[in-house]
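Peer 1: This is what each chain is made of:
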Amino acid sequence: MSKIKIIFQKTKSPRREERRNLVISSLAVTAVILIISLLTLFGADREFSENENRYLAQKPSASPSSVADGRFMEDSEKYLSDQFFSRDIMVQARTSIDIFLGKKEENGVYIGKEGFLFEKPSAYDEERVSKTAGVINSICEKHPKIKSYIAAAPNSSEILKAFLPLNAPDENQSEQIKKLYSKLRGITKIDLFSPLNAQKEKEELYYRTDHHWTAKAAKLAFDTIAGSMKLDLSKTKYRTIAVTNSFQGTMASSSGLFSAKDTIFITVPEPEIKCVASYPDEKKKRPSIFDSSKLKTNSKYEVFLGGNFSEIIIDTTAKSDRTLLLIKDSYANCVVPMLTPYFKRIAVIDPRYYVGNINETISKENVTDILWLYNTNTLLSDTSIFDKLA
Amino acid sequence: MVFSSSTFLVVFLPITLLAYFLVGCFLTKNITVKNLILLAASLIFYAWGEPVYIVLMLISIMFNYIIGRDIALSKKDGGKKRAKVLFICAVVFNLAALGFFKYSGFVAENLGNLLGLQFKMPDLPLPVGISFYTFQIMSYIIDLYNGKIKVQKSILSFALYISLFPQLIAGPIVKYKDIERQLSRRKETPQKYAEGMSRFVVGLSKKLLLANTLGSVYSTVQATEFGKLSALSAWVGIVCYTLQIYFDFSGYSDMAIGLGKMFGFEFSENFRYPYIASSVTDFWRRWHISLSSWFRDYVYIPLGGNRRKTPRVIFNLMIVWLLTGLWHGAAWNFILWGVYYGVLLILEKYVLKSKLERVPAMLRRVITLILVMLGWVLFSAPTLSDALGYIGVMFGFGAGLFDANGAYLLTSNLALILIGAFCAAPIYKKLQKKIKPVNLSRVKAAAYPLLLILCYIFMISETYNPFLYFRF
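Chains as they are written, first to last, in this note's numbering: chain A, 18 to 407; chain B, 282 to 753.
Heads up, a few of these hints could be off.
As the list claims (entries may be wrong) - Computed list of lysine-lysine pairs in DSBU-like fashion (alpha-carbon distance at most 30 angstroms, straight line):
(1) B:710 <-> A:120
(2) B:509 <-> A:137
(3) A:206 <-> A:361
(4) A:252 <-> A:137
(5) A:120 <-> B:509
(6) A:195 <-> B:509
(7) B:725 <-> A:178
(8) A:200 <-> B:710
(9) B:725 <-> A:120
(10) B:509 <-> A:121
No wet-lab data here; the hints were simulated from the structure.
Given the structure is predicted, the values throughout are model-derived calculations rather than measurements.
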């Protein structure tokens, strides 16, 4: 009884109560420090982070040289922060706080409306674009008998402008591509902006969590390209199949925002066309241009063609005598299946990884058509077209 | 090691706290044991970041300890001349070490340019904290020679004074005379521990929650070409930097003062809401107080201070501010930044003093803050021409006054800037006085652990590093 009285008396003085509260608070802070420390140091170490798609740092071992040059200390810090107690939850919490405070981007990814995450559009660099255009022109000139086509796909920030964060700096990609096209000669320039813009309200043309376009957008683009290339579409139908509904792509990884999930559809021709894809660099052949094993990994978009490779040669059962050279980035990967009924062979080249001689390849393969298929951001910012193909 | 790292928070701090309080305070209750624990912790703390330069610090400690004792002996024996020679030796040694590691590259480069020659200097990284601990050592040596303090006979206490980890690498600069007694006699109490710990959490929050996030806004602005930068963006950028540097630096001081207090030390305050200063003179009474008071005690007053004739006082002031600028780094923009303040302070002292008194207080504050922000442009720019270019953009010589980018930058960071402004001014303290009947101590008590958890979240999320195999 008397004890209670004393406590009661103690709380009567506000100064005293304040002091007591502060002491309790400091004990709580100390407890948090000790508990977090114990949980981090004695918790089980993880080897791989799904969210970050990388191996996490493991316990470093000290040696006289690694201590002397500070490597051991750096590695220890990396190890502790990689294996920090509930690291993933903390990253999630941080993005939530940022969004709550009105931040509209995370690690260079725009946080748009309705869960759309956007890659920032590339700026137009006159020098770079002129160089790229110069190389495309020179390849056309060297092979005047081959029909050349170029199709630049708009990025999501262009077609879904209405979903960008308010005032977010963006680019007019339609103008950028018009400027680039005006530098090209001897090549058929295909406009993909109009067909996508016309359908943007009816269909989901882009992923929410990835920077690629969907198979639906790719089909619209394919129809336009087929028109320009005068492909006979009358004997083929197309079928769209969902292959996964748990896709969290590059934009989710970059931003650390894993709130939404996307569905990947693939669009395939009917009747089915058999394909054999050979990967000369890997010295591998596969009986399909899809790699369904990728659907179990983090990089699910690689279900198309198995990912990006410097060169893929696809032989088809199509009754055709045309050979297509497709010079492309990853936007083209989901278009390739739709092209298979019209070419006996498709040579797919990704200049970013390519080390061969493009003109030799064109002669060797008896190419009849060349298609350049890129998304606008890569076309404007990538240097490999003039670095590798010139 | 820095305080805002996993290594410090997860390993170093818990072990040091446990060792100090369990072994030092609870088991042995012995000041020598306590000091030994702190010294060991401090040396590990320093060696963790500077495994090589710790040798330099140890040499410096040994040298100054011995020469300090020698000076004291000479003075006692009446060897005044000898004491003077030793004193000059010590000053030269300490300044030479600082000069060699901090300024030799800069001097060689500029001397080379002047003479049209190329001097090859080894490209040495700057030893962390050398500017701070050299000034601490100097305060000991100078005060000892002038008879203001007694010699420190214990090498343990002396080494602890120089290397004490809370203020070792980023201040505040603790003068020996202020801490002399605490080295051998200090008291740890639950109350001091509580005040210290909450102060540490406040400092950590300033650094991780505010300084780092504000800093990333300024980095984006700084990375934009001047031609594409509107005045609005430039102002948002420099406002963020102004807040960042305050929270960064004062946050570090808070952590140092807090940690010190937990172990029973009392360091003087280093910042007193500098951005509400009503004049530039006032600003420097509130900003990095331990540095300006060091220069006042050990440079300005020995030069004669303001008891000389006006031209000499102006000369003294310019010397002090030139050195202040130079202390912040070996680069022309720091020198210009120091001179900028020297000129402003002289103008205030001799020309504007009477006129300023007639200007309304609020306006004086705004003008002072703008002058300080222009100073930060000089301070933060990589080169002089960058600084001038940036100031040009601030006054519309970039991509106009407003643009969408500026609006985006402002709207997406407005909440952060407002929170920063709220914390940089004593609004909370005033508010607390006004609503005195309501006791906020429980809210505050609950806030500290929560702030700490937020700090962990911000610290860890900064290391988020996704691997994107797919090139776009």
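Peer 1: Hint by hint, note whether the structure agrees.
Peer 2: Going through the hints against the structure:
Pair hint residue 710 of chain B plus residue 120 of chain A holds up; C-alpha atoms about 28 angstroms apart against a cutoff of 30 angstroms. For the hint linking residue 509 of chain B to residue 137 of chain A, the alpha-carbon distance of about 17 angstroms falls within 30 angstroms, and the restraint holds. The suggested pairing of residue 206 of chain A with residue 361 of chain A holds, with an alpha-carbon distance near 24 angstroms, which does not exceed 30 angstroms. At most 30 angstroms may separate the alpha-carbon atoms for a hinted pair to count; residue 252 of chain A and residue 137 of chain A exceed this at roughly 40 angstroms.
Taking the CA atoms of residue 120 of chain A and residue 509 of chain B, the gap is about 22 angstroms. The hint holds against a cut of 30 angstroms. For the hint pairing residue 195 of chain A with residue 509 of chain B, the CA-to-CA distance comes to about 23 angstroms; that is within 30 angstroms, so the pair holds. With a CA separation close to 44 angstroms, the supplied pair residue 725 of chain B and residue 178 of chain A exceeds the 30 angstroms bound. For a cut-off of 30 angstroms, the pair hint linking residue 200 of chain A to residue 710 of chain B is broken: about 64 angstroms separates their Cα positions.
Distance hint between residue 725 of chain B and residue 120 of chain A is fulfilled; the C-alpha atoms sit about 27 angstroms from each other, no more than 30 angstroms. Taken as a hint, the residue 509 of chain B and residue 121 of chain A pair is honoured in the structure, with Cα atoms around 20 angstroms apart against an allowance of 30 angstroms.
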